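Q: Build out the structure end to end from the sequences listed, making use of the hints.
Just so you know, the protein sequences line up as chains A and B, in that order.
Okay, so the first sequence: first residue is 1 according to my numbering, each after it adds one.
Okay, so the second sequence: first residue is 1 according to my numbering, each after it adds one.
Read the hints as simulated data drawn from the structure, not as lab findings.
All values derive from a computational prediction rather than experimental measurement.
Backbone N, C-alpha and C define an ideal beta-carbon position, used for all residues, glycine too.
One thing to keep in mind: the hints can contain errors.
[Said to hold, decoys possible] One side only, chain B facing chain A, incomplete, derived with CB under 7 angstroms:
#1 H45
#2 T53
#3 S81
[Said to hold, decoys possible] List time: in silico PhoX-like cross-link candidates among lysine-lysine, alpha-carbon distance up to 25 angstroms:
#4 A:K99 with A:K25
#5 B:K191 with A:K25
#6 B:K191 with A:K8
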Amino acid sequence: MTLVRLAKEEEGVGLSAGAHFAGVKSAMLMQNHGFLAAINGIVSFAHLYKIPLLMLISYRGAFGERDPWQTQGGNVTEPLLRAMNIPYSFLDAPESVEKRIRQAHTLAESSLQPVALLLTRDLMWVE
Amino acid sequence: MMLRLDCLRAIYPDLENCLVVTIMGALPAELQSLGHRPNFFYLQHAMGLASSTGLGLALSLPHQKVVVLDGDGSLLMNLGSLTTLARYKPKNLLHIVFDNESLLSVGGFPTATSTGTDLEGIARAAGIPKTRTVRTVDEFTAAIRQAISSDGLQTIVAKVEATGPKAFVTDLGLLENRFQFRRHIQSLAAKTK
Chain A
1 MTLVRLAKEE EGVGLSAGAH FAGVKSAMLM QNHGFLAAIN GIVSFAHLYK
51 IPLLMLISYR GAFGERDPWQ TQGGNVTEPL LRAMNIPYSF LDAPESVEKR
101 IRQAHTLAES SLQPVALLLT RDLMWVE
Chain B
1 MMLRLDCLRA IYPDLENCLV VTIMGALPAE LQSLGHRPNF FYLQHAMGLA
51 SSTGLGLALS LPHQKVVVLD GDGSLLMNLG SLTTLARYKP KNLLHIVFDN
101 ESLLSVGGFP TATSTGTDLE GIARAAGIPK TRTVRTVDEF TAAIRQAISS
151 DGLQTIVAKV EATGPKAFVT DLGLLENRFQ FRRHIQSLAA KTK
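A: Listed below in structure tokens is the structure:
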């Protein structure tokens with residue numbers, strides 16, 4: 001596995017597309033505000049050119065969020081995914097993580113489109 | 001000032017064995033007017049991501065030369081990409097930036113390079129190991145031939161006139177281009193096995 005650290009999340013759409021053309025599997029790991037920052041790339045590259053994107057998105061600003069600055073992004077994450085017609089599910093327990101990532105990847109590859117997994121508070125943070 | 005089309009015509013034979021990723025608009029229309037090839041991918045939207053796409057290809061296929069044909073308007077929308085290219089320094093990536101100081105394909109609005117922003121300087125400061133600005137077709141051709149035939153990440157800024165074709169839509173479909181490009185890469189992989 002190769003980790004590529006980016007300056008901004010939208011670069012990841014190009015990186016993933018290049019990897020896909022080369023026959024290499026990839027996943028983008030980012031926070032939901034990173035997803036917001038990548039939206040033009042997702043629509044005007046991944047959707048337009050039918051690029052499978054596996055997006056693992058840390059779901060800040062949902063129930064239990066303590067940081068006020070995260071709350072607006074939390075409000076719009078799922079509505080935006082729905083508006084963009086991006087299939088999504090949740091990673092909420094360690095035991096199902098591997099299977100859901102595999103399933104999300106399979107759907108991205110078969111449908112040639114972006115697919116999202118939201119990494120929830122239950123999975124990511126000890127309350 | 002030199003024309004981008006003359007630059008493209010001069011290096012067209014040298015691109016034959018490279019994977020080529022372009023930006024949108026006038027540049028791909030000009031390249032296609034010289035003759036489309038299955039190793040050319042035209043990113044007709046998503047401004048800024050041509051360099052990121054080239055990086056994804058270059059890192060995935062380390063023995064394959066990748067050439068990105070970028071523009072000042074597109075690169076200015078994704079300057080962080082220069083820092084990512086510099087961070088990983090793929091030796092098989094050549095980054096060419098046609099700087100016409102204009103967002104020609106979306107209306108001709110002047111970019112910041114028209115008021116002094118130096119993209120070669122930004123690339124160098126980002127950590128790109130070799131950078132250069134060229135202003136004549138001969139200089140351009142020599143620099144590109146040298147870069148294609150040797151290893152090492154380079155950003156070459158070519159200062160060109162802000163002119164292009166009247167129309168940008170060609171009869172090559174976006175998806176046709178995308179699937180043909182991937183298929184071409186798969187056929188290269190099959191040949192080297």
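Q: Does each hint hold? Answer for all of them.
A: Results of checking the hints against the structure:
| no. | hint | result |
| --- | --- | --- |
| 1 | H45 | 4 angstroms, holds |
| 2 | T53 | 4 angstroms, holds |
| 3 | S81 | 6 angstroms, holds |
| 4 | A:K99 with A:K25 | 16 angstroms, holds |
| 5 | B:K191 with A:K25 | 21 angstroms, holds |
| 6 | B:K191 with A:K8 | 36 angstroms, violated |
This entry does not satisfy hint 6, going by the numbered hints stated previously; all others are met.
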